[in-house]
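Engineer: Chain by chain, the residues run as shown.
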Amino acid sequence: MKILVGYKRVVDYNVRIQVKPDGTGVVTEGVKLSANPFDDIALEEALRLREKGVAEEVVIVGIGPADLTAHLRNGLAMGANRAIHVTTAEAIQPLTAARTFLKLVEKEQPGLVILGKQAIDDDANQTGQMLAALWDRPQATFASKVEIAEGKATVTREVDAGLETIEAELPAVITTDLRLNEPRFIKLPDIMKAKSKPIEVIEFASLGVEAGGHLKTTHYAAPPKRSKGVMVNDAAELVATLKQKGLL
Amino acid sequence: MTKILVIAEHLDGKLNPSTARAVSAAAAVKPEAIDVLVLADNADAIAAEAAKIEGVTRVLTANRTENAHALAAVLAPQVAKAAAGYSHVFAPSTTFGKDLGPRVAALLGVPQVSDVMTVEGSHTFKRPVYAGNAIVTVEADPALPVVATIRTASWPAAAIGANSAPVEALGLDVALPSHTRFVELKQGKSDRPDLQSASKVVSGGRGVGSKENFEIIYKFADRIGAAVGASRAAVDAGYVPNEMQVGQTGKIIAPELYMAIGISGAIQHLTGIKDAGTIVAINKDAEAPIFEVADIGLVGDLFKIIPELESAL
Numbered sequence: 001m002k003i004l005v006g007y008k009r010v011v012d013y014n015v016r017i018q019v020k021p022d023g024t025g026v027v028t029e030g031v032k033l034s035a036n037p038f039d040d041i042a043l044e045e046a047l048r049l050r051e052k053g054v055a056e057e058v059v060i061v062g063i064g065p066a067d068l069t070a071h072l073r074n075g076l077a078m079g080a081n082r083a084i085h086v087t088t089a090e091a092i093q094p095l096t097a098a099r100t101f102l103k104l105v106e107k108e109q110p111g112l113v114i115l116g117k118q119a120i121d122d123d124a125n126q127t128g129q130m131l132a133a134l135w136d137r138p139q140a141t142f143a144s145k146v147e148i149a150e151g152k153a154t155v156t157r158e159v160d161a162g163l164e165t166i167e168a169e170l171p172a173v174i175t176t177d178l179r180l181n182e183p184r185f186i187k188l189p190d191i192m193k194a195k196s197k198p199i200e201v202i203e204f205a206s207l208g209v210e211a212g213g214h215l216k217t218t219h220y221a222a223p224p225k226r227s228k229g230v231m232v233n234d235a236a237e238l239v240a241t242l243k244q245k246g247l248l
Numbered sequence: 001m002t003k004i005l006v007i008a009e010h011l012d013g014k015l016n017p018s019t020a021r022a023v024s025a026a027a028a029v030k031p032e033a034i035d036v037l038v039l040a041d042n043a044d045a046i047a048a049e050a051a052k053i054e055g056v057t058r059v060l061t062a063n064r065t066e067n068a069h070a071l072a073a074v075l076a077p078q079v080a081k082a083a084a085g086y087s088h089v090f091a092p093s094t095t096f097g098k099d100l101g102p103r104v105a106a107l108l109g110v111p112q113v114s115d116v117m118t119v120e121g122s123h124t125f126k127r128p129v130y131a132g133n134a135i136v137t138v139e140a141d142p143a144l145p146v147v148a149t150i151r152t153a154s155w156p157a158a159a160i161g162a163n164s165a166p167v168e169a170l171g172l173d174v175a176l177p178s179h180t181r182f183v184e185l186k187q188g189k190s191d192r193p194d195l196q197s198a199s200k201v202v203s204g205g206r207g208v209g210s211k212e213n214f215e216i217i218y219k220f221a222d223r224i225g226a227a228v229g230a231s232r233a234a235v236d237a238g239y240v241p242n243e244m245q246v247g248q249t250g251k252i253i254a255p256e257l258y259m260a261i262g263i264s265g266a267i268q269h270l271t272g273i274k275d276a277g278t279i280v281a282i283n284k285d286a287e288a289p290i291f292e293v294a295d296i297g298l299v300g301d302l303f304k305i306i307p308e309l310e311s312a313l
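From first to last, the protein sequence lines stand for chains A and B. Those letters in the first sequence? Residues 1 to 248, per UniProt numbering, in order. Those letters in the second sequence? Residues 1 to 313, per UniProt numbering, in order.
Treat the hints with caution; some may be incorrect.
To be verified - Quick partial rundown of chain B residues pointing at chain A, CB under 7 angstroms, derived from the structure:
{"#": "1", "residue": "ALA72"}
{"#": "2", "residue": "ILE216"}
{"#": "3", "residue": "LYS219"}
{"#": "4", "residue": "LEU309"}
Claimed, not checked - Calculated lysine-lysine pairs in the DSSO-like style (CA-CA distance at most 30 angstroms, straight line):
{"#": "5", "chain 1": "B", "residue 1": "LYS14", "chain 2": "A", "residue 2": "LYS145"}
{"#": "6", "chain 1": "A", "residue 1": "LYS32", "chain 2": "A", "residue 2": "LYS195"}
{"#": "7", "chain 1": "A", "residue 1": "LYS145", "chain 2": "B", "residue 2": "LYS211"}
What the hints assert, rightly or not - Label-pair distances were calculated between CB atoms; the ranges are:
{"#": "8", "chain 1": "B", "residue 1": "PRO166", "chain 2": "A", "residue 2": "GLU106", "range": "38 to 48 angstroms"}
{"#": "9", "chain 1": "B", "residue 1": "ASP44", "chain 2": "A", "residue 2": "GLY30", "range": "24 to 34 angstroms"}
{"#": "10", "chain 1": "B", "residue 1": "LYS14", "chain 2": "A", "residue 2": "GLU90", "range": "39 to 49 angstroms"}
{"#": "11", "chain 1": "A", "residue 1": "ASP234", "chain 2": "B", "residue 2": "GLY121", "range": "45 to 55 angstroms"}
{"#": "12", "chain 1": "B", "residue 1": "PRO142", "chain 2": "A", "residue 2": "ASP234", "range": "56 to 66 angstroms"}
{"#": "13", "chain 1": "B", "residue 1": "ALA28", "chain 2": "A", "residue 2": "THR24", "range": "20 to 30 angstroms"}
None of these hints come from the bench; they were simulated from the model. For every residue, glycine included, the Cβ atom is placed at its ideal position computed from N, Cα and C.
Make a model of the complete structure from these sequences and hints.
Structural biologist: Here it is in structure tokens:
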């Protein structure tokens, strides 16, 4: 079985984002970029399935500008067999991303697609579900445990009420939650080895992805600031303050 | 014509409060009608509850044995079919709505607006990005249906009681897939108030130190009638189950009082509590980022402070 893994590059999760004063976006110049943390978990899970003999090949997919190559090399160094780089200078929204993945699914015929549950930049949490819908296959979102056997995935999902387990016939789409696994660190020799692994470059325009259905983002704003707080000296003062506010 | 279909969330025959919050957001669009769709194996009791929500025009039910569990792959084709004639489809931005909404949107060939915080116009919304560190204004195409999930922490629940909307069974003749099957749900049984709707929440973090030590948090929360939450660190360390996590990837909450105990205040955690009325931080590290957002801060050892708080109550 082949596993396709979405591997998005985002502003690093430790960066404190600044909104541009003119409201046109957030400052990304000179800001550290990294793999979306949920995508690292997706790749790790795919690699573990390969190590268990469930899968033979792990293919990472990146959609973005020409300089995405270095990012894809990181995924190859982590252990992916090869990469597909769909090149576009445009920012791709989830529906377009899902349509793009569908084209790659038709081309590659994977048994499983693993994506992160959300990207930490747009926080949309949509692409996996949309791909599953367009592909007309099962989805197992927010996965914290995955077992593959006899042509089906048994997936434990982190839902608001607790932990839900479902069965999904393969092929299927799984999206990863934080507790699925602990992604491995990239070792130096693997970085060297990754340089010889193939990256297939596909022009976004050549895929014939259906256009339309975009949201227009008209303005970025910083969130409202909370007013300055006060410090209290002890528990008694805290209780008195909360009682005064009618909160206790 | 503006008509909104709100997808009801429910579990064990009970309507989830997130539904009434989604109805509030629907009302903000000022539509001609707000219909609530209940997909279940036995929708009657849930529909009766939904009919009481202020502002609801009609409650539509889709009773099918396949709807016994909320599987997005099974529900989405029904919702997509029921969406005909509606300008908007709203679902709460809970794990239920997040799972279902995008699948419905893709079937309709439209984008989804995730986590609507405010309604600026019938097709203009504000939503958070970058863990809530930026708020974007997005415009949807007025020629297409809008599929959106509603950030429950941003909306009060519509009042329940005065309304009595008519309930109508909907005949949705849709072939349903059998490729996805429910196996089981393990619920963290708790008598405490529900984390997402509680007016008071006490949360513990890594500073609590162990699963056993978390008892001190539970005991204090019970004393003041609060729900209990946790930071990711506390969940990852195994002190508490995952459904208690508050933050960007856990639950986003807006209680009147939020007490963060032994929580440093990572960006991802603060995302989950930005809309809380009053934030109280108790931490031994005076430099902890949680104090930057706290309305009331107290520096000190939680194991000393909590007993003192209890005796001061």
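Engineer: Keeping to a limit of 30 angstroms between CA atoms, is the pair of LYS14/B and LYS145/A held or broken?
Structural biologist: holds (28 angstroms)
Engineer: Quick check: does the Cβ-Cβ distance between PRO166/B and GLU106/A fall within 38 to 48 angstroms?
Structural biologist: holds (46 angstroms)
Engineer: Is it true that PRO142/B and ASP234/A lie within 56 to 66 angstroms of each other by Cβ?
Structural biologist: holds (57 angstroms)
Engineer: Is the hint on ALA72/B kept, meaning its closest Cβ partner in chain A is under 7 angstroms away?
Structural biologist: Since the shortest Cβ distance to chain A is 6 angstroms, the answer is holds.
Engineer: When the nearest CB of chain A is found for LEU309/B, is that gap smaller than 7 angstroms?
Structural biologist: This hint holds: LEU309/B lies near chain A, its Cβ roughly 5 angstroms from the closest one there, short of 7 angstroms.
Engineer: Would the hint on ILE216/B be counted as holding, given a Cβ-Cβ threshold of 7 angstroms to chain A?
Structural biologist: Hint violated; ILE216/B Cβ to chain A Cβ min 13 angstroms, cut 7 angstroms.
Engineer: Assess, step by step, whether the Cα of LYS32/A is no farther than 30 angstroms from the Cα of LYS195/A, and give holds or violated.
Structural biologist: holds (22 angstroms)
Engineer: Quick check on the hint: LYS219/B CB to chain A CB, less than 7 angstroms?
Structural biologist: violated (15 angstroms)
Engineer: I want to verify a distance hint. Is the separation of the beta carbons of ASP44/B and GLY30/A within 24 to 34 angstroms?
Structural biologist: Given about 59 angstroms between the Cβ atoms, the range is violated.
Engineer: So does LYS14/B sit 39 to 49 angstroms from GLU90/A, Cβ to Cβ?
Structural biologist: Holds - the Cβ-Cβ distance for LYS14/B and GLU90/A, about 45 angstroms, lies within 39 to 49 angstroms.
Engineer: Between the beta carbons of ASP234/A and GLY121/B, is the distance compatible with 45 to 55 angstroms?
Structural biologist: The hint (45 to 55 angstroms, Cβ to Cβ) holds, given that ASP234/A and GLY121/B are roughly 49 angstroms apart.
Engineer: Please work out if LYS145/A and LYS211/B have their alpha carbons no farther apart than 30 angstroms.
Structural biologist: holds (22 angstroms)
Hints 2, 3 and 9 from the list above are not met by this structure, while the remaining hints are.
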